[in-house]
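Chains as they are written, first to last, in this note's numbering: chain A, 2 to 113; chain B, 175 to 288.
It is worth saying that the hints were derived from the structure and are not from the lab. Among the clues, some could well be false.
Claimed, not checked - Listed next, the in silico SDA-like pairs over lysine to any residue satisfying Cα-Cα at most 25 Å (straight line):
id : chain 1 : residue 1 : chain 2 : residue 2
1  : B       : K231      : A       : S4
2  : A       : K50       : B       : G177
3  : B       : K257      : A       : N25
4  : B       : K231      : A       : S27
5  : B       : K231      : A       : Y33
6  : B       : K244      : A       : Q100
7  : A       : K50       : B       : H203
8  : A       : K50       : B       : E276
9  : A       : K108      : B       : F262
To be verified - Taking beta-carbon pairs under 7 Å as the criterion, some of the chain B residues facing chain A (in silico):
id : residue
10 : L217
11 : Y274
12 : G282
Note that CB positions come from ideal geometry on N, CA and C, so glycine has one too.
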Amino acid sequence: AQSVTQLDSQVPVFEEAPVELRCNYSSSVSVYLFWYVQYPNQGLQLLLKYLSGSTLVKGINGFEAEFNKSQTSFHLRKPSVHISDTAEYFCAVSGSNYQLIWGAGTKLIIKP
Amino acid sequence: DGGITQSPKYLFRKEGQNVTLSCEQNLNHDAMYWYRQDPGQGLRLIYYSQIVNDFQKGDIAEGYSVSREKKESFPLTVTSAQKNPTAFYLCASSIGARAYNEQFFGPGTRLTVL
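Just chain A, same shape as in the assembly (with noise of 0.2 Å):
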C-alpha cells in the first residue's frame, strides 16, 4: 500500500532562515505529488504540485518542491521565511481510486 512520511511533526525556523521541510513515499507506480499548507483553524490550500516534467517545481508564497525519483521525496523549501509562513503542511500522493494519501504534517514554527 501506498504510504507517506513526513519526517518532522515540528519544525522550528528563525525569521528569514532557510527552511525544509521533508516528504517521503512509498509508491511502485508513477504519482502525482502534491503540498498543501493549513493556516490555523482554516482548510487547506494548494502550495504547489508535481504531475510531470521538471523536477522542480515552483509554488506559491515563495516555495519551492523538488521531485526526487530514485530517493521517492519531495522536499518542499524556501530560502527565507516569514512570521506569515507559520502553518501547518501537509504532503499528499496520489492513491488508488482517485484519492490522496496524506501525510501526518508538519508544524512550521517561526522564531522572531
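Following the hints, put chain B in place on chain A, whose structure we already have.
Just chain B now, kept in the frame of chain A:
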C-alpha cells in the same frame, strides 16, 4: 466569490445524537470529499462523490453517511454509531475526481461530543 462553505464552524453534540454537517460549493465542481482531521494525523477520507447521486466509501466510512442530491451540496451525517466523533471535519471539491485535480477546501467544522 466562488468557494466552499461549511456550517456550522463549531458544533456540540451529546452522545447518542446524530448530527449533520453542511457543505456547499459554487465552483461547479463534479467531485466532492469529506475528510476527518485529528491532531498529529493526516487527513483521512470518509466519503467521496464523483458525480450527483453517486458516492463511495473512503477509508473510515463506518458511523457516517452522506447524500449527493444536488451538484453543489454534499452533507455529512455523523451517526451515533461513530465511536469517537470528536474531530475537525473538512469538506473539499475538485473539478473532476482524478488524482491530479486540485482539491479546494472549506474552512472546516469542529465537532465536539459532550
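How the hints compare with the structure:
1. Between B:K231 and A:S4 the CA atoms are separated by roughly 19 Å; this keeps the pair inside 25 Å, and the hint holds.
2. At most 25 Å may separate the alpha-carbon atoms for a hinted pair to count; A:K50 and B:G177 meet this at roughly 20 Å.
3. A hinted pair counts as satisfied when its Cα atoms are at most 25 Å apart, and B:K257 with A:N25 does not qualify at roughly 32 Å.
4. Annotation: proposed proximity of B:K231 to A:S27 holds, straight-line Cα distance about 23 Å (limit 25 Å).
5. For the suggested pair B:K231 and A:Y33, the alpha carbons sit about 22 Å apart, so the restraint of at most 25 Å is met.
6. The straight-line distance between the Cα atoms of B:K244 and A:Q100 is roughly 22 Å, inside the 25 Å bound, and the hint therefore holds.
7. Taken as a hint, the A:K50 and B:H203 pair is honoured in the structure, with Cα atoms around 19 Å apart against an allowance of 25 Å.
8. Taking the CA atoms of A:K50 and B:E276, the gap is near 9 Å; set against the 25 Å cutoff, the hint holds.
9. In summary, the hint linking A:K108 to B:F262 is supported, as the alpha carbons are separated by about 17 Å, within the 25 Å threshold.
10. A least Cβ separation of about 4 Å between B:L217 and chain A falls short of the 7 Å threshold, and the interface hint therefore holds.
11. Checking B:Y274 against chain A: minimum C-beta separation of about 5 Å stays under 7 Å; hint holds.
12. For B:G282, the suggested interface contact is upheld, since its CB lies about 5 Å from the closest CB of chain A, less than 7 Å.
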